[in-house]
Amino acid sequence: MLNFLFTLALALPQQPPPAAPATQASTAQEPIPDPLQKELLALAGEFNTARHAYDQRLDELRKAGESDPSALPPHPSIAFWPRVEELAQRGSIGARLWLALQFTAAHPGLEGAARDEAWRTRVLAAVEACSNSTLERDLVRAFTSLYLDAPPALVDEALLDFVKRTKQRELAAEALYRGSLARPRGSKGLASIQAAEFEKRLQQDFADSAAARAARGEPEVGLAVGKLAPDFVAKDADGVAFKLSDYRGKVVVLDFWGFW
Amino acid sequence: MLPHEKALVERQKNKPFALIGINTDAPETFRERAPKEGVTWRNVLEGRSGGAIVRDWGVHAFPTIYVLDAKGIVRFTGVRDEAMDRAVETLLAELEHDSKPAEKR
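Protein sequence lines correspond, in order, to chains A and B. For the first sequence, position 43 (counting from the first letter as 1) is numbered 43 according to this note's numbering, and the numbering increases by one without interruption. For the second sequence, position 31 (counting from the first letter as 1) is numbered 31 according to this note's numbering, and the numbering increases by one without interruption.
Chain B extracted, bound-state conformation (with noise of 0.2 Å):
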């Protein structure tokens, strides 16, 4: 889990990508164990019971991926691992297509 999100965000740094992390643990938690795991992405910190964000997403269970593309459009929802790297290299790929013809002009 965790080992993947860091690679991940290790190897697409130069790309247009953002991980952020919608997290459930006590502030606490978060705050000791965040620097020696090595989770350098934004995280917001929505505490044990959840805040905000967690209600209006409707997210019961963890962990929970939405990956949006960069239009801010819901692509692939309850991918992990391989598969959330597939989505993310997938739309960086359309991404890199798309913006093609406007370098163009």
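Looking at chain A on its own, in the form it has when it is part of the complex (with noise of 0.2 Å):
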């Protein structure tokens, strides 16, 4: 799942992003783009062989009944790991993110407090890399990811770095609110130690985003049936100002028109 995950991030087609509105104009910059992102693909498109490779027989061997872990044959991460840290430090985006999610498959035999903060620092680095670039998206979808997995208190300090280092609000949002949700793996609790604080931050200082709706369970914004009207502030005729929203009781007939 990681590598499909992964495999998104890299697809991602190299497009602007779309038009801030006028209000948000002043502080919005351009994401930075990955500056290796050809090598990378062609990186990303050899590992998903591998990988594909690699689940195909574990399949096999499961169906074998194979049971003995030595005849189980080596997590592609192991081999491809030395390449992914060579592009991540000539300055690839994408590699940081990939050495964060990889991390424990291409160490099996790393554990306890050693792996712990080991991974730790691969997570920091890809929320220190993949901020404000084009892939801070991919990032933030990681975070349910790495709940999964692994330790609370380290993803829960990756969040709450990347909140403050992003400058896309709706993304520190979703973060917060990923956050608030996510759950570790074969559990039906909440993964993160902060998940009520995540719930708590994302009312107060997002409001106005679109997890922050969500999590309050108002319907999305937008123009399809069933979906919450956009809101908008105007002038009539008669030179008075007025919302949509000031209507909120009423049934609306909104009707574009003419008399032409």
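In case anyone wonders, no lab produced these hints; they're calculated from the structure. Heads up, the beta-carbon is just placed ideally off N, CA and C, and yes, glycines get one too. Among these hints, one or two may not hold up.
Said to hold, decoys possible - No farther apart than 25 Å at their CA atoms in a straight line, the calculated lysine to any residue pairs in the SDA-like style are these:
hint, chain 1, residue 1, chain 2, residue 2
1, A, 164, A, 137
2, A, 243, B, 73
3, B, 13, A, 239
4, B, 36, A, 237
5, B, 100, A, 141
6, B, 15, A, 241
7, A, 38, A, 141
What the hints assert, rightly or not - Under 7 Å between C-beta atoms, here's a sample of chain A residues computed to sit facing chain B:
hint, residue
8, 80
9, 81
10, 110
11, 232
12, 233
13, 234
14, 236
15, 239
16, 250
17, 255
18, 258
19, 259
Unchecked claim - Facing chain B, a subset of chain A residues (Cβ under 10 Å, in silico):
hint, residue
20, 68
21, 69
22, 222
23, 229
24, 235
25, 242
26, 247
27, 256
Since each chain comes alone in its own frame, lean on the hints to assemble the complex.
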């Protein structure tokens, strides 16, 4: 699943971000693209082929009733690790995210506090690299995956670091929302130690965000049937200002028309 | 079209209902014709090339109609004339039904 996510991140087309609303224009900045995108994509393609072959082999062994762990082939992340690390050192943002997500698969022998500390370093490096880059959306999605297996304190720290770093309020809000909902693997409880604080902060500092609205159980804003109509402020023909939301409590027909 | 909307506004005038026009005539055309033709309801004049609302709502054809319920949720689109009347009646009935338990309390 982590690999799928990684591929998704790299396969993102390099398109300009959607135009920011006028009110945000002064703070919004162009996200930083991965400087080694081409090399990274090539490596990711190679990795995915290897991963696919690995998954098939595991499946065959399982069907054959093989249960001895030493008979299993090594995870492809182990072989790819030095190459991805080299890319990361040369400045690839996506490579940093990969190192954070593939850390345990690539270091099967590492356990306990040593593992947690090394993993923490990788995750924080990914946050630093991905914040305000074209991969920050993928980083935000990755938090949910990280909460599955990583020590929650580590992910909490990384998530809060991201919220501090990013200039995209919607993404900061989404990260908090994901943190407040994330579950560890095989458990129905919440993963994050700070889930309640994340939820509180989401509603306090990002109340207007799509994530906060979703957390409040409010419908998504949109023009399709079933969505909350986007609000507007306008002056009517008499020069009186009003908001569409002033009409809550009334059935409204909005009629775009003309005499012509 | 227009007579239909006038009738709707008149019929529902004592109900929690509002018709809001986003008008795309030249403002002088609207000001000249609206009083003559009995347009009594609120209108936003966005001009012939449209304004922020026409743009944000992605309206390319006229008339375009959205019917919103009392919570502001889009419930019907593209309904005209009788279909628009029925949509409004449906939502008003729903609103009346929803508000009953509250009155009992």
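Here is what the structure says about each hint:
Pair hint residue 164 of chain A plus residue 137 of chain A holds up; C-alpha atoms about 15 Å apart against a cutoff of 25 Å. At roughly 15 Å between alpha-carbon atoms, residue 243 of chain A and residue 73 of chain B fall within 25 Å of each other, so this suggested pair holds. For the suggested pair residue 13 of chain B and residue 239 of chain A, the alpha carbons sit about 23 Å apart, so the restraint of at most 25 Å is met. Proposed proximity of residue 36 of chain B and residue 237 of chain A is supported: the alpha carbons are some 15 Å apart, at most 25 Å.
Taking the CA atoms of residue 100 of chain B and residue 141 of chain A, the gap is near 44 Å; set against the 25 Å cutoff, the hint is violated. Straight-line distance between C-alpha atoms of residue 15 of chain B and residue 241 of chain A comes to about 23 Å, which keeps the hinted pair within the 25 Å bound. Straight-line distance between C-alpha atoms of residue 38 of chain A and residue 141 of chain A comes to about 22 Å, which keeps the hinted pair within the 25 Å bound. Look at residue 80 of chain A: its Cβ only gets to about 45 Å from chain B, farther than 7 Å, so that hint breaks.
At a threshold of 7 Å, the smallest CB-CB gap from residue 81 of chain A to chain B is about 48 Å, leaving the interface hint violated. Taking 7 Å as the C-beta contact cut-off toward chain B, the hint placing residue 110 of chain A at the interface is violated, the least distance being around 52 Å. Interface restraint check: residue 232 of chain A against chain B, minimum CB-CB distance 5 Å, threshold 7 Å, status holds. At its closest, the beta carbon of residue 233 of chain A sits 9 Å from a beta carbon of chain B; the interface hint therefore is violated under the 7 Å criterion.
Given the 7 Å rule on beta carbons, the hint for residue 234 of chain A holds: about 4 Å separates it from the nearest Cβ of chain B. With its C-beta approaching chain B no nearer than about 5 Å, residue 236 of chain A sits inside the 7 Å limit, and its interface hint holds. Interface hint status for residue 239 of chain A: violated, as the beta-carbon distance to the closest one in chain B is roughly 10 Å, over 7 Å. At a threshold of 7 Å, the smallest CB-CB gap from residue 250 of chain A to chain B is about 4 Å, leaving the interface hint in force.
Hint on residue 255 of chain A holds. Least Cβ distance to chain B is approximately 5 Å, under the 7 Å limit. For the restraint placing residue 258 of chain A at the interface with chain B, the shortest Cβ-Cβ distance is roughly 4 Å, inside the 7 Å limit, so the hint holds. The interface hint given for residue 259 of chain A holds, since its Cβ lies 5 Å from the closest Cβ of chain B, which is under the 7 Å cut-off. Interface hint at residue 68 of chain A: violated, since its Cβ lies 58 Å from the closest Cβ of chain B, which is beyond the 10 Å cut-off.
For residue 69 of chain A, the shortest C-beta to C-beta distance to chain B is roughly 54 Å, which exceeds 10 Å, and the interface hint is violated. At its closest, the beta carbon of residue 222 of chain A sits 7 Å from a beta carbon of chain B; the interface hint therefore holds under the 10 Å criterion. A hinted interface residue such as residue 229 of chain A counts as satisfied when its beta carbon comes closer than 10 Å to some beta carbon of chain B; here the least separation is about 5 Å, so the hint holds. With 10 Å as the threshold, the beta carbon of residue 235 of chain A comes within range of chain B, its nearest partner Cβ sitting at about 7 Å, so the hint holds.
Residue-level restraint check for residue 242 of chain A holds (minimum Cβ-Cβ distance to chain B is 7 Å; threshold 10 Å). With 10 Å as the threshold, the beta carbon of residue 247 of chain A comes within range of chain B, its nearest partner Cβ sitting at about 6 Å, so the hint holds. Of the supplied interface hints, the one on residue 256 of chain A holds, with its beta-carbon coming within about 4 Å of a beta-carbon of chain B, less than 10 Å.
Checked against the numbered hints listed earlier, the structure breaks hints 5, 8, 9, 10, 12, 15, 20 and 21; every other hint is satisfied.
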